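Here are the chains, one letter per residue:
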Amino acid sequence: MHRTWAIVERELRRFRRSPILIVISMVFPLVQLVVLGYAFGGNVKHLKVAVVDQDGGVPAVRIRELAMAVAGGARTFDTILYADQGAAVEDLRNGKVNGVLTIPPEFSRRVLSKNEPHVALIEDNTDNFVSATLVGATNSLMTAFSQPTSMPRITPIPQLDVVEVYPYVPYVQYLLPGIIVMSIFMMVMIGGGIIFIDDKARGLHEGYLVTPISKLELVAGFNLSGTIKAVLAGSSIMIVGSLIAGIPMPFDPMRLARMFVVVCFTSFALISMMFLIMVRVSDPLLPRAIFGVLNTLLYFPSGAIYPQQGFPTWMRWIAAVDPFTYAVHAFKSLVLKNTGFGAITVDLLYLTAFSAVCMTAATMLFKRTL
Amino acid sequence: MGAIDVRNIVKKFGDFEAVKGITFDVDDGEIFGLLGPNGAGKSTLIRMMTTLLPPTSGTAVINGFDVVKQANGVRESIGVIPQALTTDLELSVEENLLIFAKLYGVPREKRERLITQLLEFVELTQWRKAQVKNLSGGMRRRVEIARGLVHEPRIFFLDEPTTGLDPVSRVNVWDMLERIKSERQLTILITTHYMDEADKLCDRIAIVDHGELKALDTPMKLKMSVPTDNVLEVSFASVPAGWVDKLKALPDVETVAGDDHIFKISSKNGPATTMAVLDAAAAAGVTVQSLSVASTTLDDVFVHYTGRVLRDALQDASPQDSAFMLRRG
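Those sequence lines, one after another, are chains Z and E.
Residue 1 is where the first sequence starts when you use this note's numbering, and the numbers rise one by one after that.
Residue 1 is where the second sequence starts when you use this note's numbering, and the numbers rise one by one after that.
Just to be clear, a hint being listed does not mean it is correct.
Each computed DMTMM-like pair below joins lysine to aspartate or glutamate, with the alpha-carbon atoms no more than 20 Å apart [stated by the list, open to error]:
{"no.": "1", "chain 1": "E", "residue 1": "Lys133", "chain 2": "E", "residue 2": "Glu123"}
{"no.": "2", "chain 1": "E", "residue 1": "Lys133", "chain 2": "Z", "residue 2": "Glu106"}
{"no.": "3", "chain 1": "E", "residue 1": "Lys133", "chain 2": "Z", "residue 2": "Asp198"}
Covered by chain Z, per the in silico footprint, the following chain E stretches (three or more residues, Cβ under 8 Å) [as the list claims (entries may be wrong)]:
{"no.": "4", "segment": "44-56"}
{"no.": "5", "segment": "89-96"}
{"no.": "6", "segment": "102-109"}
{"no.": "7", "segment": "207-213"}
Just so you know, the hints here were simulated from the structure itself, not pulled from any lab data.
From a predicted model like this one, the values you see are computed outputs, not experimental measurements.
Glycine included, C-beta positions come from ideal geometry on N, C-alpha and C.
Full structure from sequences and hints, please.
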């Protein structure tokens with residue numbers, strides 16, 4: 001065991017002298033947290049909607065007023081009145097407006113005669129987010145239009161009451177669990193995989209292999225030192241990220257302790273996986289080349305930025321074996337819901353089993369000779 | 001049995017046979033040299049002896065331990081300096097030694113004393129806390145030598161220890177190796193492609209080329225085994241008539257070339273002819289201004305046993321050798 005600690009000591013002494021490594025592994029996840037968190041987290045506002053009133057009746061005027069109320073209130077869109085539908089559609093195609101709300105002739109008559117009145121929303125559906133927002137806002141507008149002016153005291157229509165168990169979660173907070181896992185992965189790749197292969201290419205491993213160290217001691221030494229580095233990165237992002245994302249009570253000691261445990265389990269699982277991937281690699285270009293692929297393959301299916309329920313079946317299979325999935329779920333439980341270990345037992349068990357399988361396989365594949 | 005006993009050792013990489021059944025042994029306390037060009041199989045041979053590569057066939061017993069069956073016994077007995085500089089540049093000199101002392105399981109109470117002694121020995125005491133990246137190439141090589149000795153090995157393997165060093169650093173490393181031998185009673189096996197290095201350091205030299213052992217003996221005996229003529233270059237102040245014929249008539253002289261007063265005399269026996277030339281000059285009252293004898297070198301030995309000049313061999317590593325070198329660094 002003392003030989004394992006010698007490997008760990010060597011790696012950590014080198015790590016201490018490479019502050020740039022620590023900075024690089026922290027900067028990327030933090031930039032992503034801030035940029036993605038605030039870019040995706042806000043509501044879409046100030047879309048431009050052309051309003052073409054071909055009717056001019058009182059109900060049509062009410063539609064226009066409601067549209068202007070949206071422009072003045074929620075500011076989801078701003079309205080521009082057009083006299084000519086053709087000109088409005090032309091501007092839609094040219095990107096000058098995002099949608100055209102057309103109140104057709106006879107609208108008011110149909111409203112008053114209760115004969116299937118319609119308005120049309122012609123939209124630019126090349127941007128799904130904008131399109132969905134416009135449809136949602138216009139539907140709300142039409143619902144408001146359809147509301148009777150005076151409500152009965154007791155309504156016969158069933159109503160839905162939504163009760164939110166947790167406070168509102170901004171997207172930046174939703175993103176934080178994935179960012180913590182990504183920071184661990186960054187350190188695993190840069191401080192673990194890339195350095196491991198670079199050392200191998202430089203011939204440093206020859207120095208180890210001529211000593212009486214065993215395969216298991218060597219693999220354990222590399223895994224342990226990589227885990228410690230990744231835990232340092234993950235813990236730092238856990239604290240700094242919580243402050244940036246505005247997590248309530250970021251220094252709650254119990255939550256921090258539980259998160260630290262998950263950071264440790266995740267770090268060991270990811271370094272074991274990385275070492276298994278790199279155990280037979282000797283080309284220094286390879287870890288750099290597969291860095292992006294691995295990141296995409298592990299991060300995006302994990303549910304870190306989008307719910308897994310929306311994935312196609314094949315991607316759900318990837319998510320099912322992806323260690324990121326379990327780490328992200330565990331962090332989400334702790335960060336967003338402040339749960340105890342009961343809610344993340346499965347996650348911890350999976351990460352433990354995953355680490356054991358990877359480390360065993362890596363030890364078996366590790367060549368004690370050149 | 002000596003310190004190293006290698007019998008019919010073979011190493012193949014696919015169809016390419018890098019080492020072709022080499023046999024030799026090394027006595028305790030000996031400095032043994034493997035001399036040959038790049039791609040000759042020297043590094044493969046040393047890697048098999050240091051357990052870094054498994055032999056395809058044959059045996060190697062190091063300090064009584066078989067490299068395959070008792071690899072850890074071998075590893076505990078040997079210190080190894082690989083061809084590439086493999087010290088951690090980010091760590092200090094002391095840290096490099098400390099980590100390796102721990103890897104070799106040197107007891108805590110001995111580590112400090114051993115490291116201090118070794119740093120004095122390699123004259124790096126004042127650089128103890130310096131990061132290795134701030135040291136010169138020669139100093140880094142001395143750090144590696146200290147690192148290889150940190151667990152007090154019985155046998156020391158050095159794979160081309162002076163390649164890439166400037167002439168002064170090379171001489172420093174040579175001095176250090178001679179001191180290691182005399183002060184620590186170590187057996188040393190060194191690979192090199194420098195003739196002067198092998199000639200100066202080694203008690204015995206094995207000439208290796210294309211994976212085969214071409215010759216093995218002491219540097220002196222290897223030189224004597226080569227039937228090369230000595231060439232005397234003599235400058236006389238002035239010469240009497242018929243002097244060339246007189247020179248040709250001297251013992252063991254084969255040819256005499258030259259004009260005016262400078263002559264090149266080819267002889268089967270340099271020392272005998274030298275004495276005869278001096279005697280003849282004294283008898284004839286001819287003043288000898290200068291006299292030099294070109295003796296047999298290891299270059300001549302290498303040419304004799306391999307059929308080519310080592311300098312050319314370094315440039316002419318076969319395509320297979322080159323591919324192997326790329327693969328194996």
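Legend entry - Ascending list of hint numbers which this structure does not respect: Numbers 2, 7 - these are the hints that the structure violates, sorted from lowest upward.
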